[in-house]
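Each chain is listed here by its residues.
Number of protein chains: 2
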Amino acid sequence: MLADVELAKAYRLLNHGPTVLVSSAAGGRRNVMAAAWAMPLDFDPPKVLVVIDKSTYSRELIEQSGEFILNIPCRAQAAQVVQVGSETGRDDDKFAASGLAALPAQRVAAPRVAGCIAYLECKVVPEPHNQQRYDLFIGEVVAAQADDAVFRAGHWHFEDADASQRSLHYIAGGAFFATGEAFNVA
Amino acid sequence: MLADVELAKAYRLLNHGPTVLVSSAAGGRRNVMAAAWAMPLDFDPPKVLVVIDKSTYSRELIEQSGEFILNIPCRAQAAQVVQVGSETGRDDDKFAASGLAALPAQRVAAPRVAGCIAYLECKVVPEPHNQQRYDLFIGEVVAAQADDAVFRAGHWHFEDADASQRSLHYIAGGAFFATGEAFNVA
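Protein sequence lines correspond, in order, to chains A and B. Following UniProt numbering, the numbering of the first sequence begins with 1 at its first residue and continues without gaps. Following UniProt numbering, the numbering of the second sequence begins with 1 at its first residue and continues without gaps.
Careful: at least some of the hints might be erroneous.
Since the list gives no way to pick out one identical chain from another, each pair is judged satisfied if it fits inside one copy or across any two copies.
Distance condition first, Cα-Cα at most 27 Å in a straight line; then the derived BS3-like pairs of lysine-lysine [said to hold, decoys possible]:
1. K123 <-> K9
2. K54 <-> K123
3. K54 <-> K9
Bear in mind the hints are in silico, worked out from the structure with no lab data behind them.
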C-alpha cells in the first residue's frame, strides 16, 4: 500500500543510488524513460538531480511542463526498465509499448508508473546553463510516497519483502545489481 | 591488484550508485570524507558530480587544489566510512584517526584511500554558481583504476569475491545496503 513519505526524509528513497524511471507529460502527451544518473541534492526542502539527454522525448515534455516524477522501479520490472531505457516514446506511447500502466500523481500532471516501490514528484528548479551544457536538471520534491511493504518509518525494509520488490542498480548492457543485504554500523 | 580502467568506461564504477569516500589535499594538508551523493554526469570524457557541503574541511582543500578523488570503499571499510562521514578533519588528520592509509594517486596530488575497490581521480570543472548555491561540484575523471578481484573487462564481478569486498550504499543513521545479486536482462 502506498503511504506518504515525510518530505524531509524523501532523500532516503534515493540515497542508496537506485536506477529510476523518469515520467513526464505535457500537452496531452506522456512518456517514461530509465535513468541511472539521479541522486539527492538537498534535504529540506528536498531537491534531486537527474541527467536527461537532449535527444530524448522526455526532455521536451519536462522542459514544456517544468515537472517530472522519479519512480523507483523494482526487480519485477527490470525487463521493462531496459525496454523504456532503449526505445523512444516520440512515435509510440511507451507505457502501452512496455506494458507499464500510468497512474495519476498527487501534485504534478506527469503520470506515476504503476508497480514502482516509491515516487518522488518534482518541479524543475530552472537552471538553464546546467540544462543546456550538462543535460542536468534540478527538481524540488513536492510529494513523495512509497510502498509500505518495503519502506516504513523512514527506512527501507527489503528484508521483509519478496526479492522481486528490491530496487535496482543498473550498470550497462542489460547488467543490473539488486539492492543487497542490509546492515548497520553503530 | 589495481588495474587501469579505460576512461570511457569509468562511469561503470559509479553507475550503480555506491557511497564514496572523497579524498583531497592542498598546501601539505589532506582529508577524506564520506559522500552518498555522487554520480556520473557524462561518458567520454567522463565527468562526475559530487555534493560537498560548505561546512566541510574537504571543501576548502578541493577549492584550493581543484582536485579530488572518488574512492569506492567496500563492506570491510563500513565502520571507517561512518567515522570519516561524521568527524571533521580540520583539527586532526582523519586518515590517522580512522586507521585508513593514504596512498599516492596517478594524476592528482590528493591521496588515494588504501583498501578501496576503485578510484576515480578528478579535476574540478569550475562552475561557481553550482558550487556556491548547491554545494555541487563537477569533476572530469583524469585517471581510473579498480581492483581486478571485483572489476574486470569493464564490469563488476562481486560474485567471484568475498562479501567484504562488495560496494556500499548508505541510507542514514549507520544503515547501509551492500551491493546485491547480479543479474542480466537480455
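We went through each hint and held it up to the structure:
| no. | hint | verdict |
| --- | --- | --- |
| 1 | K123 <-> K9 | within (17 Å within a copy, 32 Å between copies) |
| 2 | K54 <-> K123 | both (19 Å within a copy, 25 Å between copies) |
| 3 | K54 <-> K9 | between (31 Å within a copy, 21 Å between copies) |
Hint compliance for this structure: no hint is broken.
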